[in-house]
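Q: Given the coordinates of chain A, assemble chains B, C and D onto it according to the supplied hints.
Residue numbers (my numbering), protein chains in the order written: chain A, 1 to 381; chain B, 1 to 381; chain C, 1 to 381; chain D, 1 to 381.
It should be emphasised that the hints constitute simulated quantities derived from the structure, not laboratory data.
Treat the hints with care, since some could be wrong.
A pair counts as met if it fits within one copy or between any two copies, since identical chains are not told apart.
[As the list claims (entries may be wrong)] Below, in silico cross-link-like pairs of lysine-lysine (BS3-like), each with a Cα-Cα straight-line distance of 30 Å or less:
hint	residue 1	residue 2
1	Lys-344	Lys-133
2	Lys-374	Lys-110
3	Lys-13	Lys-135
4	Lys-248	Lys-228
5	Lys-343	Lys-133
Owing to the predicted nature of the structure, the values given are computational and were not obtained by experimental measurement.
Protein chains: 4
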Amino acid sequence: MSIIERIAKGKRKPLEGFRVGFCLHVTKETSVLVMAAKELGAEVALCSANPLSVQDDIAAFLHGEGVAVYAWRNETQAEYKKCIRDVIAFKPDIVTDDGGDLHYAAHGAKARGIMGGTEETTSGVRRLSALEKSKKLRYPVIAVNNARTKYLFDNRYGTGQSTLDGILRATGMFLAGSRVVVCGYGWVGKGVAAMAHGMGAAVTVTEVDPIKALEAKMDGFAVAPLEKAAEQGDVFITCTGQTGVIRKEHFAKMKDGAILANTGHFDVEIDASFLYRNGRSVEVKPNVECFKFGGKKLYLLSKGRVVNLVAAEGHPPEVMALSFANQLASILHVAKNHASMEKKVHPVPESIDDAVARLALVAMSVEIDKPTAKQKKYQRG
Amino acid sequence: MSIIERIAKGKRKPLEGFRVGFCLHVTKETSVLVMAAKELGAEVALCSANPLSVQDDIAAFLHGEGVAVYAWRNETQAEYKKCIRDVIAFKPDIVTDDGGDLHYAAHGAKARGIMGGTEETTSGVRRLSALEKSKKLRYPVIAVNNARTKYLFDNRYGTGQSTLDGILRATGMFLAGSRVVVCGYGWVGKGVAAMAHGMGAAVTVTEVDPIKALEAKMDGFAVAPLEKAAEQGDVFITCTGQTGVIRKEHFAKMKDGAILANTGHFDVEIDASFLYRNGRSVEVKPNVECFKFGGKKLYLLSKGRVVNLVAAEGHPPEVMALSFANQLASILHVAKNHASMEKKVHPVPESIDDAVARLALVAMSVEIDKPTAKQKKYQRG
Amino acid sequence: MSIIERIAKGKRKPLEGFRVGFCLHVTKETSVLVMAAKELGAEVALCSANPLSVQDDIAAFLHGEGVAVYAWRNETQAEYKKCIRDVIAFKPDIVTDDGGDLHYAAHGAKARGIMGGTEETTSGVRRLSALEKSKKLRYPVIAVNNARTKYLFDNRYGTGQSTLDGILRATGMFLAGSRVVVCGYGWVGKGVAAMAHGMGAAVTVTEVDPIKALEAKMDGFAVAPLEKAAEQGDVFITCTGQTGVIRKEHFAKMKDGAILANTGHFDVEIDASFLYRNGRSVEVKPNVECFKFGGKKLYLLSKGRVVNLVAAEGHPPEVMALSFANQLASILHVAKNHASMEKKVHPVPESIDDAVARLALVAMSVEIDKPTAKQKKYQRG
Amino acid sequence: MSIIERIAKGKRKPLEGFRVGFCLHVTKETSVLVMAAKELGAEVALCSANPLSVQDDIAAFLHGEGVAVYAWRNETQAEYKKCIRDVIAFKPDIVTDDGGDLHYAAHGAKARGIMGGTEETTSGVRRLSALEKSKKLRYPVIAVNNARTKYLFDNRYGTGQSTLDGILRATGMFLAGSRVVVCGYGWVGKGVAAMAHGMGAAVTVTEVDPIKALEAKMDGFAVAPLEKAAEQGDVFITCTGQTGVIRKEHFAKMKDGAILANTGHFDVEIDASFLYRNGRSVEVKPNVECFKFGGKKLYLLSKGRVVNLVAAEGHPPEVMALSFANQLASILHVAKNHASMEKKVHPVPESIDDAVARLALVAMSVEIDKPTAKQKKYQRG
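Just chain A, same shape as in the assembly (with noise of 0.2 Å):
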């Protein structure tokens, strides 16, 4: 609530007369942002960026409270898409997607009406930058994602913690003494492989960026072709974005045992359907699928899908709050400054990043230096 009145800036509802639709994880924490947006004078839709994470007492809920939820749990592909474009019917000023599929079912329909929107995550905004550079953007969009401060938090330190915890409650396995062999050095992966060394894990990092593998190197990390590391990891976990990242020829050099996690985006980062097509498939724990192959064992998390999300329960709710104070001041933004902002991706002003940072700071008892007059000068040359 603090964070909501800090950024509505003393006007009690900046975003009256918008209609905002959202394409979210349908939980407890994004059900937040949708209620602020109404809160803040909004009307909004909702549909689920996720088929399978949409919690139904969460959609219940936010459909009393009079917000236009089209998201159930376990929907099919079809009715996936049936409701995003529910969303678009909806009209929406505002569009608010954590994926792209929502900008894209937009853009399919001309994005007729629609002044802005804000984009969550990396694969979105690369399908949007993609986009901008074909021209086709109809719409300025805020790349909600390359906000510093959610670099740090929730892709960092945030999806860090929560993928190491998934990974102990799905398999109980033993971090100390493993080899964790981390697909992608972006600001996850980084998170990833810090944090499983510092529970005791030896790491190999791949990579197909070199500036990222030189980094992962420089930080005292393996990093190797993953045709090699597959020979010596205990777990693989991909955080790359990409699609076919851990394939057939992988899985046939993997150790007897391995286990195999992904906390990208999506579900195609393992080609788990290879596993489903070739190998037989028990599950011996809750999101633990054992597969024989080649005459050994290979345990796949969560049936390829975000492990931080279906094993554990997602971020640590700092986390969320400040992913929270990002986005709503980024649909604000949007709100008033639409009419001149450029039809390509922005990202979030640097004003928006330091005002969470210090929101942050102030919830953590932490107090910092400001520059001397002296030194503002100093800095303008």
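A: Chains B, C and D only, in chain A's frame:
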């Protein structure tokens, strides 16, 4: 199984004719030890080392397998003591304990007929050493807890991981950016501190032993008296094996929202009874009680009992397997050598420790070097 | 040499006909860059970016090789400025600077005939950005300092290592168990903090930027205003690029025996002039001056100048080689593309950055993955 | 001085009437110990524990102060032995050694009149324990090396820092991104491995002891036989106290440019004599010799002698002060209690260890808790 075979070294029934009395946490893990003793020929009886951790299905299973089981969930204190007496009445030759209560009861009954025993915990060993000092120890005991492999696996890494896991499951808190106060820098404290730091927390250590305090300081942690640390901590974790470590004068200085967890032995490290007498308690989540106290909220996990057993699933199986190998080999050692062992607390024989470490390395596919003939000679001087 | 060949990409004299003016630390490492420019066809002049770091034998060597050298050890401030004017008078086409003084002088002289330039340091870039903002920048400049490979190697790991190395050589102090206060959590501060912690020190970070402060906090370091940190530190290391960071109010609160080191740019981060005016100074060892001040002793290293250059040997050769590759490739880029470049501060082109990272990975025998065709397509959206 | 006063506990000349024979590195640090013994009333003689580390000015100074000095720089092997015999001929009551050579010589001379001694190093203690085992030890010896404070400060952190410092000064290499192979995971190896990792290196540990190997593995390091690690290392650091650790079969597998450093005792850990016999050696920098061998270059630091003493400045003064307090207190303990001590190798009495740790904490301004009366009672059981 392969462990049992290696330890039995070809003999089919090395425990034939022995009666073994166990006082252990009644869980799947320890049931393996009890069954192994039976498998090797012993007659066995079992009571619980902790009335709260009894898993009734395990107790039922063991009973069905012919074990004399005296344990059920939520025993009263009186029942707990009666169960221990029942195991003594079973007239064991060898006594295997986890805390020292069974050894104490055996001594109360003059330890008639008992050839020797083993003890699992630091606090139990401390009690037995006090007996030895006052010449009252009536049979030799192997301090399994003192095995070097146990220090490494079970106390440091095992409890380190399961303690953090327990806290994360209970609270969902965010470790990165928090201040964790670790009370006690023995093996458990070292593991908890290193891993908490590895997850992004800042760590303050409190100690009464100057050498351990120095070690914590040289490891890069802040070291302070608890009275000062109390003001700064977001989470407090006791791992001392001592009583009354966190007391009212410390509660009084804590920040609003501080979390209190114990991962030492028993439930005496945090003065929970003070909280219960003086604050209003509400269970906000399973294993999390909120106390309003002096205008602020304090959160006590699992009523001050060991958080890794109550809120998480205890040690990972790899750790249990090693502990188990140590215990079983120690029981066999007592069975074979009791006549020649002095009536004192013995360390785990080096040969057992080495053999267990080699078992673990094999399981991890780690090869190591062998000393050359020249080196062996050099070592002899 | 192999670097030069790879960068020149087969062209024998890509700098033929260009005059390049350099303002650099006159050391063996930078002489390699100057000679490489000459090798590739340029006419070159050189003055020093720091009057104190000139190695006279290197200056003599370069002069012998046909470089117009305007630099000698211990230049007065007036001589230092005159040398810079001499390089301007040489009428360079391209200007390569380390700090911004040469660029400033060039602008003072209306930048006549200058096609473009490069700048090595954060503080230099800041000064150029200020010019750009006020529309006064007269030629395009590549901010070599902004290369991602430079961040990684030079600023973070290179300066991290050489700073600690410089402090250890100067003082012989014991890092384990000490409290190190790191002022500034930019790339340099991150490297210094991580490595100081890795050597067993406890670290407190001070910052003025809320996002960087948050990052330091989430990395597990203590964060505090300098006024509070001043009371606790055994060593203070400034890495801000700012002026007047450690001032008399901080000196007043420090412990007896505190050590003061600067590893930012120039010598203005620690207010050494205050110490010289108000304390009695004695050189107790090379590069270590003791000030008696308010009843205690403070130790200032290398007179507040960059400790890694003065007290140690600067960056390791691997780091210099990469920096060098970045600089040389950037000079070639300016030579080739200046006509089409806007008059602003440009980041190092991504292609240069990638190529340099690949050079480094090859040198370390590290192989990495390549994106599959399917992944490239997925990335395009 | 304050240390001496605290240790002497008010007695002015507790060593009056005792003759003490020392065999130590003749450096400023150890001269303090020799002078302290004199100060406390002893007559003293001194030879060098290492012919190469003698600082002639220190030898001259001690001679001037009335110490019988038998040591000069670059003694031949014959001179070295003669000097040791001279100290025996001095008829010491107490013998303080650093390596065991003086103790051996004393036993060769039947140890006539010697009441007891102290020994500083692990390898010396090993030799004395072999004597004890074969019932040939003729006087009690305190193994100063076994002091817990010494483990912490001197072996782990002290040697850790000074070893890396020595390697950086000698080579200027870049630790971040390199692969450091640490041979031996005793206290020294643990310190070197942790700090090398803290500077950004990846670490592989080699061991012959399965428990230490397991500990290294659980600490997150790679563990491998040296034969495999030889192929990967950029730097090799021996810390085993053993002979012939790195041998020709390992040299044969190393990468071009590998660096070899020893920080154990003596100069036998790396088979340097093989290199000298089989490769061409050139000193490329002080303390760095390059061998061309099998088509590649290997770099041997400080001729295979302890790199932290030869290439850096040995331990930081804080570490030396603690070592010194341990040694002096141990000498006083022997002087006072020799009559009642068994003829075996004794650990440092716990009371000395505790007192030294408290000295160190005071020096660091660290306060710690005291056990409550209730806790003391609980601990007694």
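Q: Taking the hints in turn, state whether each one holds.
A: Structure-based check of all given hints:
In this homomeric assembly, Lys-344 and Lys-133 come within 30 Å of each other (Cα to Cα) both inside a single copy, at 9 Å, and across copies, at 23 Å. Taking the shortest Cα distances, Lys-374 and Lys-110 sit within 30 Å of each other only across copies (28 Å), while inside one copy they are farther apart (53 Å). Neither within a single protomer nor between protomers do Lys-13 and Lys-135 lie at most 30 Å apart by alpha-carbon distance, with minima of 34 Å and 41 Å respectively. With identical chains, the CA atoms of Lys-248 and Lys-228 are at most 30 Å apart both within one copy (14 Å) and between copies (28 Å).
Taking the closest pair of Cα atoms, Lys-343 and Lys-133 come within 30 Å of each other both inside a single copy (11 Å) and across two copies (24 Å).
Violated hint: 3 only; the structure is consistent with all others.
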